Each structure stands twice: as structure tokens, then as C-alpha cells.
Amino acid sequence: MVERSQKEVWRMTPWLVIILLLGNFIMMAFDSREITTGQRVIRVWTQSIADFVQSPVTSITSGVSGYFTSIANLRSAQDENSQLRKEIEELRLDVESAKGLTEENQRLKALLDFKEQSKLDVLPARIIGRDPSIWFDSSIISRGSFDGVKLNMPVVANGALVGRITAVSPLTAQVDLITRDKSGLGAVIGEIGTSTALGVISGTSKRDLLEMKYVAGSTDVQVGQSVFTTGQDGIYPPGIKVGEIVQVISGSATTPHQIFIQPAAKLGSMQEVGVLLYEPPQRVPFDKQLNPPTKEKK
Amino acid sequence: MEQVKLTAALIIAVLLQWTLRNIAEPLAYIDFPLIIVVYAALQRNSLRAILFGTFSGLAVDALSGGLLGANGFSKTLVAYIVSEIARRVYMDNLLLRIPVIAGACFLDDAVYYGLHRLLGQQPSGEFLIVASYTLIGTTVAGTILIVVLDSLMRERLASRKREMFPSRRQTRRRNPIRLGK
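Chain order of the listed sequences is A and B.
Just so you know, we're using our numbering here: the first sequence kicks off at 753 and counts up by one.
Just so you know, we're using our numbering here: the second sequence kicks off at 158 and counts up by one.
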């Protein structure tokens, strides 16, 4: 009796394997499409469940490591304190002068009838989890839709671009880094408005390297120059620092430069990030921008 | 009872996989769910092994930037192959299990990487480097974990050994001196 049931199980197993493999493959094929608007329900559910484990573990480990770090840092605390006091005084002076500059700037803007399009609100978040697969580098942050986080919102660390939100659950969100091969963003070398070195940055799948394409070969590009977002991609706001150029393979009059950039944010070791509560202006699809042909009455 | 213990081990493995990378990056090179899946497959219960493979793979995929289902696919396949081998070859010896863990780990990585390339995705890192580190990490951790799991499942192991190698009924030795009498 037992033997027969075992045989039945062995006979059934290959079929079950085929069904499961097929199911997984269909899911993969469905998931491999470029995701821009929708998100997978299974990811949202798992993120919500994982939050109950990841948040306490992160809090405990950061608490323990923080305790030991604070003991280690106690020796240099006195010197650091006096140094910080000095810096605070300097910063106070800077803030005062910045206030004056801001007021002047506002007055000038008002004179020129400019209005600020948007002020970016930054929502601080903690990284509570990293990609469980070693092959990818996404991160899970401690803010979700309850805090106002939405899909495709940009994420920054130390004022530099980190990536964008690709999945949101009520309490957590998933961040895809700019180094991922499928990521892309419009960028400019130098300041917007003055520089003409526009191009597209994409990930290289290497953890500390980005590639900038389509910069005209006739443009002067130097190693060490900073690269900023242009806002033309419809996801990231303009003016955020992406990184610095580390290598340039010069192009010619007919071929573009090949530029490699090191991200300014420390993507491998960041613990705190900021979510920019930024929603890009809505774009009208190209076919709707065209005026419909008008029929002339004869 | 054994079923409950293995399921609990799988859940713990998935939770470790979710959390340990944030504590220390090198721990990501250990594939904890794969170790449990291989252990389940070595128990010659193929049905349980492939279900473990699918569910643990999907649980990891759901929090990963990779394709949803890629880990589920690779782990299901690994579970089936290992359980088929275990059905045909006696592998209760730890020394035989070590190359099985290593082979399963490499196959899992190769299938996972291949599926991503097939569907136009580029995982980060060089395949050989990442696969080698994962192979070392998972094989070392897997060997230790299998010893621990074996000690937890000792009762079942003993009964299985009794089943496979039943002790011969010992015939009573007759005293030759007495016979001579």
C-alpha cells in the first residue's frame, strides 16, 4: 500500500515540476517587461510581511553597533566637540549670508516675473533591507504609501542621486539603484543652461560605474567634471548631482564620447536616504500633441 | 513532526536571506533557502522538495530587484534533480552530500543568471566571480547546517537506517564442547 502511493508520487512529481516551472517562467516573462506604472501585488504583500522582520532586526543591529561605535568614539569626542562649535559659528555666518542671497534672489526673480515651479520636499528614510539576491542591488526603505511615497519618486543620499522607487507597500518601498542596467536618466555635464554636453546615463550593472552616452564627440569633456540631471526623462527633477566623470573615451565629429561616471552617492554603504516627494509634470502623448486635421468647408 | 521542523527551518532560512545582507554584505553569498531545499530533496521526498523550492524562491524574488519567478524556477529545478539523484544513489554520508550542495549551488546560479540573460536582464557582477563566492559560502554553510539538521532529525534518521540496513537475526552460537558431549 505504502509502496504504491510512493510510486504514484514519483509518477506525479515530473508533472508537478513542469507545472511549477511553467508558472515561474510565465511570471518571469510578465515581470521582465519594462515596469513604469504598475507594480506586482506579490511584491507589495511580501514587502509588508518582511517589514515586521527587517525593521526590528535593523534597529537592534544598528543599536548594538552604535553602542560600540559610541564607546570607540568617546576618546575623540572632546576635540570633535570644540571643532563642531567652531564649525557651527562658521555655518551661522554662512546661513546669514545665504539668507541675504536668497532674499536678493527672490527679489530678482519677482522682478523677472519668474515663479518657482516646485520646491522639493525630502522625506528621510532608513534602509531596512537590501536585495536578498546577490545578483541585484535594490534596497528596501522604511517609508511607504502611508508616508506619501509613490512609484518612480527619486531617492537621494547626501544630495546625490541614488535611484527611484519601483515598488510601494503601505510601510515600505523598494528602491532600484541608478547603477542597474535597465535604469536611464537624462543628464548634463556641468550646469544646466550653460553646458551643451547633454546625454543619457545608464547603468552598467557594475556597482560603482555609470555610462553616459550620446554626448557629441566635438564637446569638450574632462575627467573630474560633475554631472547633473536635466529633468527631461520625466522621472528625476533637474539639478540633482549624479556623479563625477572618471573616464572618457573620446569620440570624433561623427561618433559620440563614451563617458564613465562614478556615482556621487555611496551606494554600497548608505544607511539613510531621502525620498524626494516629486511628481514630474504630466506629459501629453506625442500623438495627442498634434492638432487633428481640420476639414475645410467647400 | 519532521515536516514541521523542516518547514520552520525553511521559513527561518528565508527570513535570514531577507535580513542578513543589511547586517553584513558577505553573508549574502550564502543561499540559506537553497541549503534547506537541498536537504529536503536528500530526504527522498521529491514532492516536498520541489514545493519548498518554488515557495522559497518566490519569497526571495519578491524582495529582489531580479525577475519574479527566476529563483522559484531555478530552485524548483534543483530540488527535482537532487531528489531524483537521491532516489537512485544512497547519499546519507556527509562526504557525499558536500559535492551535491556545491553542484546544486552552481546549477542554481547558472540557471538564475541564464534566465535573466535570456529575458534581456543584466545581473550585476561577473558570473564566475559571484558564482564562485556563492559556491564557497553556500557549501561551507550548507555542510554545517546539514550536520545541525541531521542532529535535529536524528530520530527519523535512525529509523530510516534501520529500514535500509535491518540487523541480521543472530543465531545462537552453540557451545562446541557441549555438542561434543
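FYI, nobody ran anything at the bench for these hints, they're computed from the structure.
Computed from a prediction, not measured in an experiment: that's the story for all the values here.
Be aware that a few hints might be false.
Said to hold, decoys possible - Heads up, incomplete: computed chain A residues facing chain B, CB under 10 angstroms, no partners named:
| # | residue |
| --- | --- |
| 1 | Thr765 |
| 2 | Pro766 |
| 3 | Ile801 |
| 4 | Ala802 |
| 5 | Ser947 |
| 6 | Val998 |
Unchecked claim - Derived DMTMM-like pairs: lysine to aspartate or glutamate, alpha-carbon spacing no greater than 25 angstroms straight-line:
| # | chain 1 | residue 1 | chain 2 | residue 2 |
| --- | --- | --- | --- | --- |
| 7 | A | Lys759 | B | Glu283 |
| 8 | A | Lys934 | B | Glu241 |
| 9 | A | Lys851 | A | Asp873 |
| 10 | A | Lys1018 | B | Glu283 |
| 11 | A | Lys902 | B | Glu241 |
| 12 | A | Lys851 | A | Asp831 |
| 13 | A | Lys934 | B | Glu159 |
| 14 | A | Lys993 | A | Asp803 |
| 15 | A | Lys958 | B | Glu241 |
| 16 | A | Lys965 | B | Glu283 |
| 17 | A | Lys993 | A | Glu1024 |
| 18 | A | Lys759 | B | Glu182 |
| 19 | A | Lys759 | A | Asp803 |
| 20 | A | Lys1018 | B | Glu159 |
| 21 | A | Lys958 | B | Asp249 |
We put the beta carbon where it would ideally sit given N, CA and C, even for glycine.
Structure-based check of each hint:
About 5 angstroms separates the beta-carbon of threonine 765/A from the nearest beta-carbon of chain B, less than 10 angstroms, and the hint is met. At about 8 angstroms, the closest approach between the beta carbon of proline 766/A and any beta carbon in chain B falls short of 10 angstroms, and the interface hint on this residue holds. Residue-level restraint check for isoleucine 801/A holds (minimum Cβ-Cβ distance to chain B is 9 angstroms; threshold 10 angstroms). The beta carbon of alanine 802/A is positioned within 10 angstroms of a beta carbon in chain B (closest approach about 5 angstroms), and the interface hint is therefore held.
The interface hint given for serine 947/A is broken, as the beta carbon of that residue sits about 30 angstroms from the closest beta carbon of chain B, more than 10 angstroms. Interface restraint check: valine 998/A against chain B, minimum CB-CB distance 18 angstroms, threshold 10 angstroms, status violated. The straight-line distance between the Cα atoms of lysine 759/A and glutamate 283/B is roughly 43 angstroms, outside the 25 angstroms bound, and the hint therefore fails. Pair hint lysine 934/A plus glutamate 241/B does not hold up; C-alpha atoms about 38 angstroms apart against a cutoff of 25 angstroms.
Note on lysine 851/A and aspartate 873/A: the hinted pairing holds, with a Cα-Cα distance of about 19 angstroms set against a maximum of 25 angstroms. With a C-alpha separation of about 21 angstroms, the suggested pairing of lysine 1018/A with glutamate 283/B holds against the 25 angstroms cut-off. A threshold of 25 angstroms between alpha carbons decides the hint, and for lysine 902/A with glutamate 241/B the separation of about 46 angstroms lies outside it, so the pair is violated. Taken as a hint, the lysine 851/A and aspartate 831/A pair is broken in the structure, with Cα atoms around 30 angstroms apart against an allowance of 25 angstroms.
In summary, the hint linking lysine 934/A to glutamate 159/B is not supported, as the alpha carbons are separated by about 44 angstroms, beyond the 25 angstroms threshold. Of the pairs offered as hints, the one joining lysine 993/A and aspartate 803/A is violated, with about 30 angstroms between alpha carbons and a cut-off of 25 angstroms exceeded. For the suggested pair lysine 958/A and glutamate 241/B, the alpha carbons sit about 38 angstroms apart, so the restraint of at most 25 angstroms is broken. Note on lysine 965/A and glutamate 283/B: the hinted pairing holds, with a Cα-Cα distance of about 22 angstroms set against a maximum of 25 angstroms.
In summary, the hint linking lysine 993/A to glutamate 1024/A is supported, as the alpha carbons are separated by about 17 angstroms, within the 25 angstroms threshold. The straight-line distance between the Cα atoms of lysine 759/A and glutamate 182/B is roughly 44 angstroms, outside the 25 angstroms bound, and the hint therefore fails. Restraint check for lysine 759/A and aspartate 803/A: the C-alpha separation of about 42 angstroms exceeds 25 angstroms, so the hint is violated. Our distance criterion of 25 angstroms between C-alpha atoms is broken by lysine 1018/A and glutamate 159/B, whose separation comes to about 45 angstroms.
With a C-alpha separation of about 41 angstroms, the suggested pair lysine 958/A and aspartate 249/B falls outside the 25 angstroms cut-off, and the hint is violated.
Comparing the model with each earlier hint shows violations of hints 5, 6, 7, 8, 11, 12, 13, 14, 15, 18, 19, 20 and 21; every other hint is respected.
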